[in-house]
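**Student:** Chain by chain, the residues run as shown.
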Amino acid sequence: MVNLIWALMAIIGIVYALFNGTMEDVNKALFESANEAVTLSIGLISILVFWLGIMKIAQEAGILTILAKIFRPIIYRLFPEIPKDHPAIGYIVSNITANLFGLGNAATPMGLKAMEEMKKLSDSPVASRSMITFLALNTSGLTLIPTTVIAIRMQYNSLAPTEIVGTTIIVSFIATLSAILFDRLFYHTSKDKEGS
Amino acid sequence: MGYLTSISAYIIPCFILIVLLVATYKKLPSYELFVEGGKEGIQMAFSLLPFLLGMIVSISILRSSGALEAFIELITPFLVWFGIPPEILPLALIRPISGTAALGMTTELTQHYGPDSFIGRLAATMQGSTDTTLYILTIYFGAVGIQKMRYALKVGLLADIVGISASIIIVKLVFG
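If you read the protein sequences in the order shown, they are chains A and B.
In terms of the working numbering, the first sequence has 76 at position 76, counting the first letter as 1, and numbering is strictly consecutive.
In terms of the working numbering, the second sequence has 102 at position 102, counting the first letter as 1, and numbering is strictly consecutive.
What the hints contain is simulated information worked out from the structure, not anything from laboratory work.
Mixed in with the good hints, there may be bad ones.
With a Cα cut of at most 30 Å, we get these calculated BS3-like pairs of lysine-lysine [as the list claims (entries may be wrong)]:
hint	chain 1	residue 1	chain 2	residue 2
1	A	LYS120	A	LYS191
2	B	LYS27	A	LYS69
3	A	LYS69	B	LYS26
4	B	LYS39	B	LYS26
5	B	LYS39	B	LYS148
6	B	LYS154	A	LYS84
7	A	LYS84	A	LYS69
8	A	LYS120	A	LYS84
9	B	LYS172	A	LYS84
10	A	LYS120	A	LYS28
11	B	LYS26	A	LYS84
12	B	LYS172	A	LYS119
13	B	LYS39	A	LYS69
14	B	LYS27	A	LYS84
15	A	LYS28	A	LYS69
16	B	LYS154	A	LYS119
17	A	LYS120	B	LYS39
18	A	LYS84	A	LYS28
19	A	LYS120	B	LYS26
20	A	LYS191	B	LYS154
21	A	LYS120	B	LYS148
22	A	LYS191	B	LYS26
23	B	LYS154	B	LYS172
24	B	LYS148	A	LYS191
25	A	LYS120	B	LYS172
26	A	LYS119	B	LYS148
27	A	LYS28	A	LYS119
Quick partial rundown of chain A residues pointing at chain B, CB under 10 Å, derived from the structure [stated by the list, open to error]:
hint	residue
28	ILE5
29	ILE11
30	ILE45
31	PHE71
32	TYR76
33	LEU78
34	PRO80
35	HIS86
36	PRO109
37	SER128
38	SER140
39	ILE150
40	ILE152
A virtual CB, placed ideally from N, CA and C, is assigned to each residue, including glycine.
All chains, full assembly: derive it from the sequences and hints.
**Tutor:** Written out as structure tokens, the structure is:
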């Protein structure tokens, strides 16, 4: 499905440009965005190195285990395939906590570590059930404090920059809940298909 | 609620403080551990570069050709009929696809309509309450070399539809 979406976006764009004379824009955007992607990846190095360094200390110091213990009941229900006391749990919890506080920069490296641990468990190039559940939580963007948005609102002199915190929490809660439900639904239907 | 924003500024430094204090108390070689963990970061950033580049280029082709805008114009009448403000549509469509583009649109809408307008509040809620599905799937699966995503994209996009509809309904209910 990703292959299809990826190819379709480019195909539709190029065909549309053919008929509307925007080919020059497309040509320019092509190389500019490739450049942008490299800048973005290189920019990620600083965050990744810093956070993975700190997280390594946190792991050795046993802080991840403590975090994992606190949220254990919920995490076990959401990720029944991950064995108890597996390091993946600690990273999943830190990723979710960082996301809750709108710390996207800190959340990504921890999330990538969580994926790595889950990959060790499944040892296959196909996404495992736990990976999909984990990414369902991440894509639905469970948030308590939308830091960036508040910053933008402050920049444009909002009378109450944080007044959208309430609506954001409600909406992200609804989205996350539906993501978990869809995840469960598709897991069971895909299992049925493979079984028959 | 201004304290909420200042709380975020304290979380990261305090977390680092706790980690370093515990590590020092337990007599761990904290600097060596930091370097060891950090090394993985370089490798990770490079391994996800092609995934990110491919996705970003494809999205930019779609946007720069004008096809996305044309599509939005085409379906605007239907949206008005459903009570969805057409001004918000570009953001709603781009939110799951590109995070930087969505952030740019949110900034533009906030500037143009004012942060305390209905559109301004709706844009803020939409931007804050959901994340960029395509970007997240790309980098997370890319970093660990997953080729088959199975139903992950379906789940992400369906949840986005729910989130975007919910933000319109909730913002209408709360701010009228």
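**Student:** Now tell me if each hint is right for this structure.
**Tutor:** Right, here's what the structure says about each hint:
no.: 1; hint: LYS120/A with LYS191/A; result: holds, 22 Å
no.: 2; hint: LYS27/B with LYS69/A; result: holds, 23 Å
no.: 3; hint: LYS69/A with LYS26/B; result: holds, 20 Å
no.: 4; hint: LYS39/B with LYS26/B; result: holds, 23 Å
no.: 5; hint: LYS39/B with LYS148/B; result: holds, 27 Å
no.: 6; hint: LYS154/B with LYS84/A; result: holds, 29 Å
no.: 7; hint: LYS84/A with LYS69/A; result: holds, 10 Å
no.: 8; hint: LYS120/A with LYS84/A; result: holds, 15 Å
no.: 9; hint: LYS172/B with LYS84/A; result: violated, 43 Å
no.: 10; hint: LYS120/A with LYS28/A; result: violated, 41 Å
no.: 11; hint: LYS26/B with LYS84/A; result: holds, 25 Å
no.: 12; hint: LYS172/B with LYS119/A; result: violated, 42 Å
no.: 13; hint: LYS39/B with LYS69/A; result: holds, 28 Å
no.: 14; hint: LYS27/B with LYS84/A; result: holds, 27 Å
no.: 15; hint: LYS28/A with LYS69/A; result: violated, 51 Å
no.: 16; hint: LYS154/B with LYS119/A; result: holds, 21 Å
no.: 17; hint: LYS120/A with LYS39/B; result: holds, 19 Å
no.: 18; hint: LYS84/A with LYS28/A; result: violated, 51 Å
no.: 19; hint: LYS120/A with LYS26/B; result: holds, 29 Å
no.: 20; hint: LYS191/A with LYS154/B; result: holds, 16 Å
no.: 21; hint: LYS120/A with LYS148/B; result: holds, 16 Å
no.: 22; hint: LYS191/A with LYS26/B; result: violated, 46 Å
no.: 23; hint: LYS154/B with LYS172/B; result: holds, 27 Å
no.: 24; hint: LYS148/B with LYS191/A; result: holds, 16 Å
no.: 25; hint: LYS120/A with LYS172/B; result: violated, 46 Å
no.: 26; hint: LYS119/A with LYS148/B; result: holds, 13 Å
no.: 27; hint: LYS28/A with LYS119/A; result: violated, 38 Å
no.: 28; hint: ILE5; result: holds, 7 Å
no.: 29; hint: ILE11; result: holds, 9 Å
no.: 30; hint: ILE45; result: holds, 4 Å
no.: 31; hint: PHE71; result: violated, 16 Å
no.: 32; hint: TYR76; result: violated, 20 Å
no.: 33; hint: LEU78; result: violated, 13 Å
no.: 34; hint: PRO80; result: violated, 17 Å
no.: 35; hint: HIS86; result: violated, 16 Å
no.: 36; hint: PRO109; result: holds, 7 Å
no.: 37; hint: SER128; result: holds, 9 Å
no.: 38; hint: SER140; result: holds, 4 Å
no.: 39; hint: ILE150; result: holds, 5 Å
no.: 40; hint: ILE152; result: holds, 5 Å
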